[in-house]
Structure formats: C-alpha cells, structure tokens
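Colleague: Residue numbers (my numbering), protein chains in the order written: chain Y, 1 to 646; chain C, 647 to 977; chain A, 978 to 1355; chain E, 1356 to 1701.
Calculated directly from the structure, the hints in this document are not laboratory data. Treat the hints loosely; a few may be bogus.
Stated by the list, open to error - In silico lysine-lysine, BS3-like type, Cα no more than 30 Å apart, as pairs: (1) K777(C) to K1651(E); (2) K885(C) to K1542(E); (3) K870(C) to K1456(E); (4) K1568(E) to K1368(E); (5) K75(Y) to K383(Y); (6) K777(C) to K1456(E); (7) K567(Y) to K132(Y); (8) K1448(E) to K870(C); (9) K230(Y) to K719(C); (10) K869(C) to K1644(E); (11) K885(C) to K1448(E); (12) K1456(E) to K1494(E); (13) K1093(A) to K1074(A); (14) K719(C) to K889(C); (15) K719(C) to K233(Y); (16) K870(C) to K1644(E).
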Amino acid sequence: MVKRIPHPDAHVRAARSSKVLAALLSGLMLSAVPALAFEQAPMLDERVESGDLPPVDERLPKNPLVVEPVEGIGKYGGVWRMGMRGGDDNGLVAKTAAYEGLVRYDHKWEKVVPNLAESWEISDDATEYTFKLREGLKWSDGQPMTSEDIAFAVEMFQNPEYPANSNWIDIKDNPVKVEVVDDLTFKFIFDKPNGMLMDTLATINGTQVLTIPKHYCSQFSPDHNPDADKMAKEEGHQNWTFLMQQKCAWGWESQRWANPELPVMYAWRITEPLTGDAARVVWERNPYYFKVDAEGNQLPYIDGLDMRVSRSLEELTLLALNGEIDFQDRHIATNANQAVFYDGQEKGDYHLGKVIQSVSSSLVLQLNFNHDDPVKRALFQDKDFRIGLSHAIDRQEIIDVVFIGQGEPFQVAPRPESPFYDEEMAKQYTEFDPEKAVERLEAAGLTEMNGDGIRLMSDGRPARIVVDVIAALRPEWIDMLELMQLQLAEVGVDIEINNIDRTLFYDKRPSNDYDAQVWAGDGGLDVMQEPRYYFPSGEESVWAYKWQAWYTGANQQIAEEPADWAKEQMALYDELKGEGDADRRAELMREILAIAKENFPVIGVSLMPDGYYIAKNNLKNVAPSMINAWLFPEPAGYDATQWYFE
Amino acid sequence: MLRFLVGRLISIVLTVWAISFVAFAIIQLPPGDYLTAYMAELSAQGERVSPAELEALRRQYSLGDPFLVQYWKWISGILAHGDFGSSFEWKRPVTELIWGRLGNSILLEGLAVLVMWLVALPIGIYAAVRKYSLGDYLATVFGFLGLAVPNFLFALVLMYLTYVWFGTTLGGLFSPAFERAHWSLPRLWDFLTYAWAPIIVLATAGTAQLIRIMRANLLDELKKPYVTTARSKGLPEWKVIVKYPVRVALNPLVSTIGWLLPTLVSSSVIVSVVMNLPTAGPLLLRSLTSQDMYLAGTIIMLLGVLTVIGTLISDLILAWLDPRIRHGGAR
Amino acid sequence: MTAEALTEDTAPPEIKRSQESQAALMWRRFRQHRLAVWSLWIVGLFYFIALFAEFLAPFEPSAYNPRYTYAAPQGIHFIDRDEEGNWTFRPFVYGYKSEIDPAALRRTFVVDRDVKHPINFFVEAEPYRLLGIIPMDVKLFGTTERRAPLYILGADRLGRDLLSRLIHGTRISLSIGLIGVVLSLVFGVIIGGFSGYYGGWFDSVVQRVIEFIRSLPTIPLWLGLAAALPRDWSSLQTYFAITVILSLVGWTELARVVRGRFLALRTEDFVTAARLDGASDWRVITRHMVPNFMSHIIAAATLAIPGMILAETALSFLGLGLQAPIVSWGTLLQEAQNIRTLASAPWLLLPGVAVVVAILALNFLGDGLRDAADPYGR
Amino acid sequence: MPQTPMADRPLLKIEDVEIAFSSPDEADIVAVRQVDLALGPGKTLCLVGESGCGKSVTARAVLHLNDQNAVISRGRILFSPPGDETVDIAALKSDSLAMRKIRGNQIAMIFQEPMSSLSPVHTVGDQIDEMITLHEGLKPREARERTVSLLDQVGVPGPRERADSYPFQLSGGLRQRAMIAMALACKPALLIADEPTTALDVTTQAQILDLLKELQEDYGMAMLFITHDLGVVAEIADEVAVMYLGDVVEQGNVFDVFRAPRHPYTQALMRSIPTIARKKERQRLSPIKGTVPSAKDRPEGCAFTSRCPYAFEPCAGTKPDRAPLGNHVARCHLLTESARKNEVPA
C-alpha cells in the first residue's frame, strides 16, 4: 500500500536527500549545540548517584533530537492520567506512546522529519534508501540500538512461520531487503521503485521495524537460539512462534504492552502491563529516551502515564468530567458528550481543544456493485440511480438534527484542508431536490410503483436496499440512516437498516451477501494512502469487493474483472506507487480522483465536523488543534513528550 | 445421608460436564471465530491485518478444527492436567487471567447475598406477621422497587449522582495503591469503600424475591399448631415468632441460595460493565464478543460449577438446619 | 360413637364455605390484597395503551423534527383564559424559544409563554391502521397547527416525541413479556405436567434438565443465542426470536410450579376416581387436574412477565436483543444510557419509570392472584 | 344465678362470655354466646359437642390463644389460682406480661395433634426445657434434669435419650406424653386438654386418659377437657357442659346429665350411646335430623330450634333461660314452660 504526500512541495524537500536535509535539520535543531549541558528528571538523580544508571550524557545519543516546545520550556514531574478500554484498545497506546520510528511527520502532517535516523539518502530510481541512525541510541534497558535491530525486525516479519505481517516489509510484489553497512548505517533495497517509503516510514506502520529488539527477542527465534522451541514448550506453548508473539509480537500490541521486559525506544516504558485482568496500565519515563528540549533537558517532562482500563465509557466520561483525566479524546469525546464536557470545564478544571478528523464524509453509503442478484447489480452500478438517491437526501436536515448544524453537505472527496480538494467533486449532487431525484430514478428505470409507493425494479420487485451498519461503532450512523430512510421513502426507495455486529459485518464481504454497507469517509486527508472510495484499492472498498480482489490478488476465487474505468484507475495507482517524484505522484492521484468524480461510485452525506479533545488546564505545550488519523498518531505526533504540568 | 451425598455428587459431575459442553457450544454459536472478530476490531480502528496473516494465525490456533475436536482438546486438557487452554487475545493460560477476577466476583456476590438476607428477612417477617397492613405494603413496595429498577440504570444513576453530589467517581473495586496488592485488612477496607455501591445495586435486585419467599413461607408456618403451643407456654410474642415459625420458614429459604448465584452472576455482569468492576463479568462479556473461546468457555463453566457448588452447600446447610432431612425422616 | 357419628350429613363450617364457587372464593381473597387490586387496574391500563398505541400516541415513533432536538418537556395546561379573560377548559401547550449554542453544540429551549398551541381531541392525522387492521385517520389528541411542537414529555436527540415513543414502546415490551410467558407456559405446563403426572424416570430427567438450565448464568446464554441469530433477519423476526430465547430460560420456573401441583393432585381422590372410571390420561389432565390449578398457573405466569420485560431491557442494554429502529422500553433506555442524558435530558429516563411501575404492578398482581389461588394455604 | 355446688371459690369461672370473629369482608360471626362455666380446683370439666360448636374457641379464650380476629366481646373469665388473687383474664391483653405469667405456668394446655403441635425442628427436650427455664429461671442443665424426670413420670421409656430426639422420631403416643410432660412442667393449677386423645388409636387413648387422671391426682390440678367423645366424658369428667353452636345447652354433674338429660339435644346425644344388648333388643341409633346450620344463620333464640323435634313458637325467637334441674341446668323453653305446667317430655 502507498502513502499520501500531504503537501507536494513540502514533500519534494523531504525527498531530496541529505543536501536539503541538512538545511532542514538545522532549521529544526537551532539550539542543538553539542556543548549543550544535558539535564535529567529529578526522579532519576538518585539512581544515577547510586550508580545503577549512567549519567544523562552517556544515556543520550551524541546528537539527541531537540524538540521545539509548543509554548515554552517545561518542568519535570507529574503523571498523565487517561483511560483505555482494554485488550481491544491497543490502538490507544500506539497513538499515545508508541510513535517512535526512523522518521516522523511534523505537526502539520506535511513534512517527513528525522527521528531515530538523523539523515537518509534516496537513490533517484527510488529503489535504494540509505539511513544513518543517531550515534549512541539505547533501548530502554540500556543496550545500544543499531542497524542489526532493524535487520532482525525485517527478518522476523518476513519469516513465513511467524504470523506477523506488515503492509510494507513483506508485501509479495515488492518486499524490502536490508543491507547492514555498519552499526549506524543500513540500506532498504527494493526490486521495484517504492516512491512512498518515506511516508510509510513516517506513519505508525513505520514503527514496525523498531518493535523487535534483537538482543532481547532473538532468544525466542530458533535461527538465533537453538533452544528456542524447547523454551517455548517449557512455557506451555506449542512452538516458538507463540512465545515470540507473547514477548515481542507486532500487530498484537496488546501482547507487547503485556510484556514489561520488552525493551522499547519510547519516552515511557511499561511497569504495570496491559494484561487481561489489568485494571490500569502504568508507564514510567524511559531514562534512555533520545530527545531533549531546547535547553538540553532530557524528555519527557512527565514522569509517567496511568491509563485506567475500563469497559465502561460512562465511567471514563465521569472521570474526565471530574478532572481525573489529564488528556484524552479517544472514546469519550463523542458528539453527544460535547455539551456535557463543555459545561463541565470549570468544575473539572479542563478545556476543550480542536481535533480535525481525517475522514471526509460522516457517512458513506456503499452500494454493492458486485451483487450476486443481477437486477440489483445492474441497478447499483447505474450512475443515475446513485445520483437519484443522492438528490433525495436532505443533507442540511441531517446536519441540523444529528450534528446540530455542524458541517456542510459533502460527498466522499478530499477535505478542504487537503491539497487534493476539489469543490466540484465534493459538492456534486448534494443539493436536496426531490424532482431531480425522481427524474434520475426514472432514468434508471424505476418508473413503476407498488401500492406502498415503493418503486419497482426491472423484474417487478420493489427497490428495497438492506443497509448493514455497526451502530456500536458510531451511534450517529443509526440516527442518520433513520432520517435517510424517511427521506428516501419519499421518492419511493425503501432502505432497511440492518444494525449488526462487527464480525458479521466483515464476514458478509467475502460471502458477498449484502446490498450496501455504511462506513466513515476515510481518505479525506490521507488521500493517497487511503483511496478505498476513489477506486477499488483494497479490502475496505466494500462497494466493489470483487474488483478489489482482482486488483490485490489477495482472494482470487472471488475476484472479478472490474469495469474499464476502474481498471484504468488501478493502472494509474500502480504507476503512482512506483513513482519516485512527488509532483508526478500528485498528478497521478488527481487523475484517479477525476475518474472517481466522473463515476461517482459511493454516496456521501456531510463533512465530518471537527472533534475535540479535553486537556487539564495545568497541562501545557498541548497543540491547540490536532489532526486525528490512524496513520498520523494523535497525540503522539504532537510530541506529547514535551507536555508538562504547571 | 451418605446415599444422599453420593447421589448429589453424581448429579453434580453430570451437570458440570453438561455445562462444560453447552458453555463451549454457546461460544461457537455466533458466526466467525476469534480471528474474524479480531480483524473486525482492528479495521474498526483503522488498522489492517492481511488475509495472509489471518490464515497463518488460523493455522497457528488450529481454529479450522471441527467443533468436537476442539471441545475434546479443551476438556481432555482440563481433565488431564487442569489446563484450561490459553486465551487467544491475551496469549496467556486462561487460569492466569481469571482467578483474581473470579475471586472478586465471589466476594462481591457473597456480600450482596449477605446484604440481601439482612434486608429481606426482617421485611419478610414483618410483612407476614402484619399481613395486608400498611407496613406490609410499604415494606413490600420498597423491596420490589429494587427488583423493578433495571440494574444498569440504577448503577449509572448512582454513579452520576455521587459525582454530582460528592464529586467522586464510583467505579472499580480498589484504589490504585491496592490494585495489585495482596489481601490485607487495609486492602479489605479499601475494597469496601468502593464495593458498597455495586453491592447495593446487586442486592436490591434480589431482595424482593427473598422477601416474597420469606413472607409466603412464614404465612404458612404461622398457621401451624406448634405456634399456638409455643404461645401457650407463655413466651413473649416476638420470641414465639422468631424461635419457631421463622426458624422453620428459613429452611426453604436456605435452599434458594444456590439458585441466587446464577441470577447474581448475570446481573453482576451488567453492573460490572457499567461500573467497571474487575470481576469475571466484563472479562466474560469481552471474551464472548471477541470469541476468545477457551477463556469464555472456562468462565461460563466455572460460573456453572460455582452455582452447582452453591446448590450443594445450600442443600448441606438445609440438612444441617432441618432434622427431618438430617435424620432421613419423612420430608 | 361420637357426636359426629350421629349426624351423618353434618358439615363443619369450613367445608360449607368451600361450597362457594372457586372463582367467587378467589375474587373474595383477591380483594383483600388492596395493592393487587390497584395493580390490576394499572396493568389493565398499560395493556390498553399497548393495544391502542397508534390511536393514543400523537405522533409516529419515528417522526422527528430537527428544530426540537432534546426539547424539554412542555407539560400540559388545561385551564386557559379566553378572549373575554374568563377561565375556560381548553388544554394547550406553550411554544418554545430556542437558540443554538455553537460552542457547547446544543440547542437551549425556553418555554415561550406568549405562544400557545391549543390541543384538540380526535384530530385528523395521517391515515394509519389500528392494530394493523382497522383503517383510521384520527388520533386521540394533537395540535391542528402545522408543525406546532407538541412534546408533553419532551423530545429525544432527534426531536422525536418521547410520549409517542413511550406509548409505542409499551406495546413491544409488554407483548414481549406476554408472548414470552405464553411460550414458557406451553413448555412449562406440558413438560412440568407430564413429569409431575407420570413421575418416575421421566420426572427425574426433567428435574435434572431444569436444575441444569437454572444453574447456567443467563447472560452468556442470551449473549450466545442472541449473537447466533441470523443477522439478516427482519426486525420482526428478531423480535420473536428474542422472546423465544427469553422463554427458553423462563419455562423452568413454570414447569416447577406445575409439577409441584401435579404431584400434589396426583394422589387426590377425585383424580384417582377419574382414573378408575377409565378416563384417558389426557382427559384426566385436561379435564380434572388443569382446571384445578389454573389459578396457580395464572399467578405464576403473571409473576414471570416482569422478568421477561427486565430481561429485554438488559439484552438491549448489552446491545443484543432488540435494537433501533425498533422502539421498546429497552431500546429507549439504551438510548438514554449515557451521562449526557442524565446531565441534560433526564426526561429521557421516563421509560425507566414506566418499567418500574409495570414491574411493580405485575408483581403485586401476581402476588394477589397467588394468595387468592389457594385460599386455605399461603 | 345458680351456684355450682363445688368449692366456694371456683378456680375458673366463665361468666356470660361471648366470642365474636371479625372478618374483613363479612359481618362478625358470634362463635360463642352466653357461656357460663365454673370449675373447682382439682376437678375435671368436660366441654362436649360436635366440632364447630365453639368448645375449642371457649377453651382457647381462657389463654387468649384464638386468632387475632377473635374478640371476647362480653363477659368475664375469672381465674383464681390458689393463694393468689383473682384475675379477669378476659380483660388481659393477649401478649401482656400478666397473661404470659399465667400461660404455661398456672394454666397449661395440650392439643389434639401431638405431631404438628410440637416444633419439628427442636428436640422434645429443648421444648420442655424452655418451659421450665422460662417460668422458673432454672439453668439449662437443671431444667434438663427436670425434663428427664418429667418424661419418666409421663411414662416415656428411656427419657434421657428421648429428650434428645425430634418429634417425628416418636410415636403418636409418646409425642402426646411429651406434650403432657411439657404441660406439667410448671405444676399448673389448671390443665386445658383440647381433644388430646382424638388423634390417637383406641389403646393409646386409654393409656393417655389413665395417665391424665393419675397425674391429676398427683398434681391436684383441675382439668378443662374438650372432647366430642361421650365415652371419654363418662370416664373422666366430674362436671360436663354440652355445647351446641356456641351455646351451652346443658351443664352440671356428669352423672345427673348422663342419667337424666333434659335438653332435647343432650337427649339425642345420649340416645346415640349404644348399649350392649341382645340383638333383638337392640334399637337403632336415631340420628338427629338436619344439619348444623352455620353460625351465620343461627336463630336468635335456641340454636337447636331448626333440628329440635319439640320445637315450638318461642324457640326461634327468644333465648331460653337456664332452668335449674336439681344438680344441673339446661337452656330449653320446654323446661321453663314445664316449670309452670309441669309435664316434661321424657
């Protein structure tokens, strides 16, 4: 899969190797004078004196990453309290504490900037990437972090026996090869051009290569430790893969968070792990963390994290209202709660901040283009039908009712903040116009009506669409659908809301027994990484599940040859993935979007309104506005390490 | 008495076996398996798992096996070496995960039962002795309110009100300091400062049932001649009632303890979810939704076993209380 | 050679009383339980509402109005001043003044005492079918003005009238209880009856089964079964499936009651007599035994209904069972299950009150019936 | 008012007592009306009549043991224990201290159903001990000693072991003996026996009766004996009172009453005692026609009117006064009439 470039020209800089990079770095690290005297958190002093910790200068790399604080230099101390949901909530940890890759994004989610790697070089054909690590990086247990760790991680991911996988390390058609030059230098080499690697590495997925420290994890691999299998059996596992998973697994973060021994590069390391019966997950500062502030104080400022594990959203909401949560948006910052949190600000001594959603439309109606029922298939693939539906939806009313006036009518298209924003694409067919709707529906052959005022399909059956939705995921969806149900009934289309649970929602795809499914408009900002609605790019392109199978080749037995326009898009996207030059990639993406706009495959409703986070008033250096996307972790992407308590 | 015990034991073994089977079957009912559930969750968060990885995992966990094979693996593991299998989600032996929480459940529900009895008995007695009096009505209404208010609603309202009035958030069973500590007096105290709320919620639900049974039984007994005899001895009225009819009316009540358990467990699942209590409940709920079959299966089975044991205990208490049973007399 | 001996047809008073008809006797006992009598009325009222929901509810449960999301209850006023300023009976509600608070993301409503919307009875309405059969176009009450707000009990997050939803929810929830109990009765009476009548191995097997079912914690049972329902089922199908699931657990209790009565009656002379007359088992059961404890069954059934209703709410809370757009007390409560509601729209908890009242009433009714069922016993 | 020729100071004197049962949804039922009885120390008075005639109610009233809805609406129940001043029990509250001091202590009672009258979940011993500890404040151990000797006295074999057994482990006879032992525990001045032998088989009946008589001698206590069995009456009574539907129709010295019953009802009863005679001489026992009406539709006048062969106009309307007849009295218009025109129905 390929990543987006948020801002073309920004990307050029990122891409144009070390020359530019130097400038860029200097820009970023004004105050990174080598002579800088490093300071550490008071809580470490004792351990240093007692000698069980080396002094701070030895713990930090030669050239530590200097973080420019958002507001000002902070002070040490305090515990950051938040709430998580339990085993299925490993994502929260990833977004909060685990965003430490070779490179990272800047706060605007535009530039790719150095992180563990202090510099890199890209061959012009985009097949060879050379990275230089900071000198003297150390894992949280004090062991040096070197190129070997990267190589080992890749080796593990590519090991067929070990069921961990990555969307860039071990993809079939263009896997990565690692060449270790020396402890600090290594190369990623690809057979085909991989123009988007830097972006991939800057996303949360890029951190994968730093999750399996060789010195600790190699003991569980039979290739490095002949007794690995025996060890696993003693622990009561079938074979080494289980033990490896339990100790080091990627993808199964719940496992990594469950193993406090696993060395990390994060700002905090786990002391109370996330186990099945955990009531809280506790972290404390990593004394070897490699970042400092402008005055050379080792980060993070905050001593530790305390994550309350709670299945009860009500409890978390109350905790937040009661000022017992220092920063949080995930889970609790819902549309419905906003009024409550707004009122509670004084009592809870917190304030609300802005969270920009990366999704475009708050709801995407995906009709199944590959329906087994030929009549419905024909109908759903009929553009007129979709346009008819779109005109029949009174979007403003939905916005007023469900979002209390927040947002605007919007199709599934890049958000206004995105360089790819195209007003025409975003607004086409969004005006509420029953006449036009009826026109289009009749153009689509729905001329007859039955007694209940439902239009009849070509074979005389009433046009009835069962829409699958997971209300548990976003309560608004049910509300919106209930309104759409009434609105569409007006023009003689009968939709039934089928509120189902996640598992089934996904099971229905391969078995292809669904009329339509509903999801949010991912890819509003991460247009290139997440083109699922623009063309059948992957599993999540539910509107053309068989076409995407044909494209990805993941599930050949259900694959089906796509329409020509879709095939054209696919070709363009393949070219895009290989393209090293950012501008060219942007162009290609625009072509893909143009075709999507022309064919109007899925129906959107309204622009997803901004969300909000809540932060205690004494928590400083918190960016006033953040972007929320999976690929660009929030709040970690905003350097939570330099937050501090006043 | 011995025959009685042996018979009971046999039926217990059978019941437990049946429970284990059904427990396992229940988890298999929903479509898909753990991995589909897992994938669904990840993609809901915007993460990805490739079909390839899923296949690998499915092989790793031998989820492909037919139901009976899986069941056999599980049950034989249990019988052979007390191995309840390991949780998919946590990659840990099931037993590691549940003991603590099961303990909390038992403690919590035990206390709830205690409270129930303390509340229900006096009310029940009063309601029976003063049948159809205003007091009877008030007592019963009060008792039944608890039954009538849906648990989750009660719990939530309680949480909210304590937040509004006392500025504290209920939830959990321990303060951070004692979260992982071993049991000790201070920890018990800490526990009680948190547990009172869920106990109230749980207890109110069952009290009405007890009141009803107690009232009915006592009404029966009050008509018996031996009460008149006692009265004719010159005992004060309260003593007549407490020493004789109440004492006899208790017996059938005792036999309800066993049946109380499953209802309690069920309601505690809901309460625990709302108030985030570290009991078996949420773990069970979670494992059921994530189709973590060995974990869920084990919890359901153990809860079943608990119930069966509960019934056995109440039978034993009954035998101890009621000479007619103890001495195998006419029942 | 006793005093009785010489008056062969002497009948002691007790026996004399029992010569009153069973029904009259029950009614007499029942009336003593005042709470039960009251409950009878309340339950009756509830089922009446459930029956004529469409007529009583001013709106469709799905009818929404974007301008009145989370509108507070208007209350209803009966006495009004007419032009001449003298008091007249003319029910009306006040209008709202509402403004949006963009920061807090909410509408705030103030009752606007200058605007009065009169409430008329038997107003014209969209044609509908009462009980799905009788075509009608009149509702009990409503406002004649177009789009005039009428939220006597307030509105929910989509500006839907809570009162109307509550009324329609009553139908679903109460009927779930009823149907569920009827189903349990069928299982319970048949199984319990036979095991009580024949006893022996059949009885002991049934006993084990019941013991076993009751030793299962119900929640996981429900979870499993509910999760196993084919999800593409229509809401109606799910609705019935849920009732079946609930009764799967519910029948055991009834079976126990029935069995108990059968055991008691089996040895009664009149049963033996009937048997000796060569009446078939079926006849003995249906003609001689069942009538004899109908009252008990009714009582037990009544007591089982509340359990069903609560179970439905619990299931809905867990996100299983009934789900929107079906309107039941359970789903209404589920929607109210959050801090936001408690904090700023407490009226949405009214379905909870409905549940409480219904459960109480049904319980007391059941108690009264049971007390009345066997006048000499408990 | 006629004085029974017993000791000048009767132990128990029931004067014109009326007992009514109130029920929530009917008019009160007067179960017992105008009962006058007197019982001297050490004597035995038998209340005889068909079930439902109010004899038990009357007896229980003496200890306030009737249900709460029964009220003594008229009259006095004077109890004069030896060496103690007279109390009007009717005036006492059921649960009052005074009443409780009398119960079991001065007036004890034994019941018809020895099984259900003993608590099934307490040992016989415990139930007797309680009596003793309650009234005489003995220590449990001493109390148990007394209990054992009592059980021994009432002829329970192996009393010490039996004291530890539960009622259901004893035979009917033994249970009744236990009951008696309990009743005697505090040497009561008066023992009320409510059909104590009815539930027992004939041989046991005899034993129990003998035992009671014996004990009465030893303890010198009076006995109020309720039964419907004329044989029993003949065997133990000094005095007899015949009740019919809440009225005492005839009462007095047992010999007089049995020899010359004057009230038609009593006569009917007597006729029902079969006399041993040769077959041809036997006469058929003639039952009383009709059935006992319920207390509800009892005539204002003589309760027996509806079934009386000699009934005439005053019977239904007015209540007959007591007609003194030598050593006993009866309530019958015939007799009061006969007082004037002296011809009495044989």
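Colleague: Checking one constraint from the list: CA of K1093(A) to CA of K1074(A), max 30 Å. Satisfied?
Modeller: Between K1093(A) and K1074(A) the Cα gap is close to 12 Å, so the pair holds against 30 Å.
Colleague: Are K1568(E) and K1368(E) close enough, with their CA atoms no more than 30 Å apart?
Modeller: Holds. K1568(E) to K1368(E) sits at ~22 Å (cutoff 30 Å).
Colleague: With a cut-off of 30 Å on the C-alpha distance, tell me whether K1456(E) and K1494(E) pass.
Modeller: OK: K1456(E) and K1494(E) at ~19 Å, within 30 Å.
Colleague: Need the status of pair K870(C), K1456(E): alpha-carbon distance at most 30 Å?
Modeller: 23 Å, holds
Colleague: CA of K885(C) to CA of K1542(E), is that 30 Å or under?
Modeller: 23 Å, holds
Colleague: Next pair to validate is K777(C) with K1651(E); report whether the Cα-Cα distance is within 30 Å.
Modeller: Roughly 26 Å between the alpha carbons, so the hint for K777(C) and K1651(E) holds.
Colleague: Assess, step by step, whether the Cα of K719(C) is no farther than 30 Å from the Cα of K233(Y), and give holds or violated.
Modeller: 17 Å, holds
Colleague: What's the verdict on K1448(E) and K870(C), does the C-alpha distance respect the 30 Å limit or exceed it?
Modeller: Judged against 30 Å, a Cα distance of about 22 Å means the pair holds.
Colleague: Can you confirm whether the C-alpha distance between K870(C) and K1644(E) stays at or below 30 Å?
Modeller: 35 Å, violated
Colleague: Taken at face value, is the distance from the CA of K383(Y) to the CA of K75(Y) at most 30 Å?
Modeller: 59 Å, violated
Colleague: Taking only the CA atoms, is the gap from K230(Y) to K719(C) under or equal to 30 Å?
Modeller: 22 Å, holds
Colleague: Are K567(Y) and K132(Y) close enough, with their CA atoms no more than 30 Å apart?
Modeller: The given pair, whose Cα atoms are some 40 Å apart, is violated under the 30 Å limit.
Checked against the numbered hints above, the structure violates hints 5, 7, 10, 14 and 16; every other hint is satisfied.
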